[in-house]
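Visitor: As they're listed, the protein sequences go chains H and Y. First residue of the first sequence? That's 1 in the numbering used here, and the numbers climb one at a time after it. First residue of the second sequence? That's 1 in the numbering used here, and the numbers climb one at a time after it.
Careful: at least some of the hints might be erroneous.
[As the list claims (entries may be wrong)] Pairs of lysine-lysine residues, derived as PhoX-like cross-links and limited to a Cα-Cα distance of at most 20 Å, are as follows:
{"hint": "1", "chain 1": "Y", "residue 1": "Lys52", "chain 2": "H", "residue 2": "Lys246"}
{"hint": "2", "chain 1": "H", "residue 1": "Lys246", "chain 2": "H", "residue 2": "Lys46"}
{"hint": "3", "chain 1": "H", "residue 1": "Lys246", "chain 2": "Y", "residue 2": "Lys71"}
{"hint": "4", "chain 1": "H", "residue 1": "Lys251", "chain 2": "Y", "residue 2": "Lys4"}
{"hint": "5", "chain 1": "H", "residue 1": "Lys251", "chain 2": "Y", "residue 2": "Lys71"}
[Stated by the list, open to error] Partial chain Y-side listing against chain H, Cβ under 8 Å, derived:
{"hint": "6", "residue": "Pro10"}
{"hint": "7", "residue": "Thr36"}
{"hint": "8", "residue": "Gln38"}
{"hint": "9", "residue": "Phe39"}
{"hint": "10", "residue": "Leu53"}
{"hint": "11", "residue": "Phe56"}
{"hint": "12", "residue": "Asp65"}
{"hint": "13", "residue": "Gly79"}
{"hint": "14", "residue": "Asp80"}
{"hint": "15", "residue": "Ser87"}
{"hint": "16", "residue": "Ile88"}
{"hint": "17", "residue": "Gly90"}
[Said to hold, decoys possible] A few chain Y residues that don't get close to chain H, going by computed Cβ distances all over 10 Å:
{"hint": "18", "residue": "Lys4"}
{"hint": "19", "residue": "Phe23"}
{"hint": "20", "residue": "Ala26"}
{"hint": "21", "residue": "Ser33"}
{"hint": "22", "residue": "Pro75"}
It should be emphasised that the hints constitute simulated quantities derived from the structure, not laboratory data. As the structure is a prediction and not an experimental result, all values here were calculated from the model. Backbone N, C-alpha and C define an ideal beta-carbon position, used for all residues, glycine too.
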Amino acid sequence: MATTTQPQAGTKPATSLTNEEILRYSRHLIMPEVGMEGQLKLKNAKVLLIGTGGLGAPLGLYLAAAGVGRLGLVDFDVVDFTNLQRQVTFGTSDVGKPKSEAARERLSNLNPNIQIEALETKLTGENALNLFKDFDIIVDGTDNFPTRYLVNDACILLGKPNVYGSIFRFEGQATVFGMPEGPCYRCLYPEPPPPGLVPSCAEGGVLGVLPGIVGSIQAMETIKLILGAGENLVGRLLLFDALAMKFRELKLRKNPNCPMCGEHRTINKLIDYYEFCGVRGEEAPGPDVQVPEISPRELKSRLDRGDDLFILDVREPHEFQICNLKGHLIPLGELPRRVRELDSSREIVAHCRSGKRSAEAVDFLRKAGFRKILNLKGGILAWSDEVDPSVPKY
Amino acid sequence: MSVKVMIPTPLRVYAGKRDSAEFSAATVGEALSGLTNQFAELRKHLYTEDGKLRAFVNVYLNDEDIRYLAKESTPTKDGDTISIIPSIAGGSSETAD
Numbered sequence: 001m002a003t004t005t006q007p008q009a010g011t012k013p014a015t016s017l018t019n020e021e022i023l024r025y026s027r028h029l030i031m032p033e034v035g036m037e038g039q040l041k042l043k044n045a046k047v048l049l050i051g052t053g054g055l056g057a058p059l060g061l062y063l064a065a066a067g068v069g070r071l072g073l074v075d076f077d078v079v080d081f082t083n084l085q086r087q088v089t090f091g092t093s094d095v096g097k098p099k100s101e102a103a104r105e106r107l108s109n110l111n112p113n114i115q116i117e118a119l120e121t122k123l124t125g126e127n128a129l130n131l132f133k134d135f136d137i138i139v140d141g142t143d144n145f146p147t148r149y150l151v152n153d154a155c156i157l158l159g160k161p162n163v164y165g166s167i168f169r170f171e172g173q174a175t176v177f178g179m180p181e182g183p184c185y186r187c188l189y190p191e192p193p194p195p196g197l198v199p200s201c202a203e204g205g206v207l208g209v210l211p212g213i214v215g216s217i218q219a220m221e222t223i224k225l226i227l228g229a230g231e232n233l234v235g236r237l238l239l240f241d242a243l244a245m246k247f248r249e250l251k252l253r254k255n256p257n258c259p260m261c262g263e264h265r266t267i268n269k270l271i272d273y274y275e276f277c278g279v280r281g282e283e284a285p286g287p288d289v290q291v292p293e294i295s296p297r298e299l300k301s302r303l304d305r306g307d308d309l310f311i312l313d314v315r316e317p318h319e320f321q322i323c324n325l326k327g328h329l330i331p332l333g334e335l336p337r338r339v340r341e342l343d344s345s346r347e348i349v350a351h352c353r354s355g356k357r358s359a360e361a362v363d364f365l366r367k368a369g370f371r372k373i374l375n376l377k378g379g380i381l382a383w384s385d386e387v388d389p390s391v392p393k394y
Numbered sequence: 001m002s003v004k005v006m007i008p009t010p011l012r013v014y015a016g017k018r019d020s021a022e023f024s025a026a027t028v029g030e031a032l033s034g035l036t037n038q039f040a041e042l043r044k045h046l047y048t049e050d051g052k053l054r055a056f057v058n059v060y061l062n063d064e065d066i067r068y069l070a071k072e073s074t075p076t077k078d079g080d081t082i083s084i085i086p087s088i089a090g091g092s093s094e095t096a097d
């Protein structure tokens, strides 16, 4: 499904700017590095943004403002309250709207001279090549490994540059993949990390400004590719540590044996990237291990009845401060060495935010010999939904 | 010879929240051994069960990927910096479990 903002770009490349455009882009036009020639290159450029979230926000805003003539916005997600801390394209009134459409509205208000397509769809191996083929540059602002590999492979198959950025808490990476002389994502990381070894649980989160900085770097690289100006990040991985406020740079080499961009390509079509990354979809990642559970309502009635239950909270201390069920706090990572704090003769109910970390904790404790231990199904989120709405969700 | 190992954000939780550590080491492998000896929890995140560096963890000596040098036997000299660069995928929605 796509909605498009007029004006429709014709098939012929633009050769002039209107007076309104000349005024709008005057700070570009008076720079010799851009000038009329560069501004027309921007106007004739077609850039596809994969993801309109944290990285996509500055990308969309700056590329639209700069006058990139055609922007595609791929996102199947809906704006929620937790996005507003960093996804600055969206306002509070956008909560509940599809992201691609909300971003299209915002960007077309910013620059009505450009064509913007809201592509409210999930990028898959089936639709990627078809979506990418009409664009010159693909910008990867996604948040998961399967889509990263998918974007990489589709760009290599079509010979299109892939402006890459990624973030974690207060650290970011950026580079440009997919140029004929440069490496691809698979040269850097031949394989994705297996699920479970990726630090994601308690270490999740991102400082809101960070995607603003990394996404702005991607926007700058995209504009430089369009203009053919300066030195781009091909063959260089830019690392940014926001806490130390340091930029570093590593050399990225093209792997001659790369299965995707090497001399002897062995991957000739798009594959199932969820299978490749060992994950099935992203929604509701249920517990990886099956353990005995208790529902929030059942726990509530047992507590009300006065049953002797020991509540074990395996979240991090900073999460405990947000809200808690007055449990005994032992973060999952500390459980092995603090297991003596627990009495295996008492009945224990473990919980975390969503039930995933605590399932691991229950699994670990069962293997350690604990028999009377249950996982709170759905964690503190389900507790808030089903028992006590005064407990905030985060 | 003192070599500095930079610990990336996603792995700091397994390294006493440190962002770097210094070791006396003649090769990249020795420095990484020093690191995993000091922080045992890091080992499974860096190495497979049969002791190979994991494919999604890249190790750099200064700004060069050790895969294009002599891998873990790459010699180090005083003042070198080793960086561990794991793949990170974040971009828009970061949620805790």
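Visitor: Next step is simple, just say for each hint if it's right about the structure.
Guide: These are the hints, each one checked on the structure:
no., hint, result
1, Y:Lys52 - H:Lys246, "violated, 30 Å"
2, H:Lys246 - H:Lys46, "violated, 32 Å"
3, H:Lys246 - Y:Lys71, "violated, 26 Å"
4, H:Lys251 - Y:Lys4, "holds, 19 Å"
5, H:Lys251 - Y:Lys71, "holds, 15 Å"
6, Pro10, "holds, 4 Å"
7, Thr36, "violated, 15 Å"
8, Gln38, "violated, 16 Å"
9, Phe39, "violated, 12 Å"
10, Leu53, "violated, 12 Å"
11, Phe56, "holds, 4 Å"
12, Asp65, "holds, 6 Å"
13, Gly79, "violated, 16 Å"
14, Asp80, "violated, 14 Å"
15, Ser87, "holds, 5 Å"
16, Ile88, "holds, 4 Å"
17, Gly90, "holds, 5 Å"
18, Lys4, "holds, 12 Å"
19, Phe23, "holds, 20 Å"
20, Ala26, "holds, 22 Å"
21, Ser33, "holds, 20 Å"
22, Pro75, "holds, 18 Å"
The structure shown violates the earlier hints numbered 1, 2, 3, 7, 8, 9, 10, 13 and 14.
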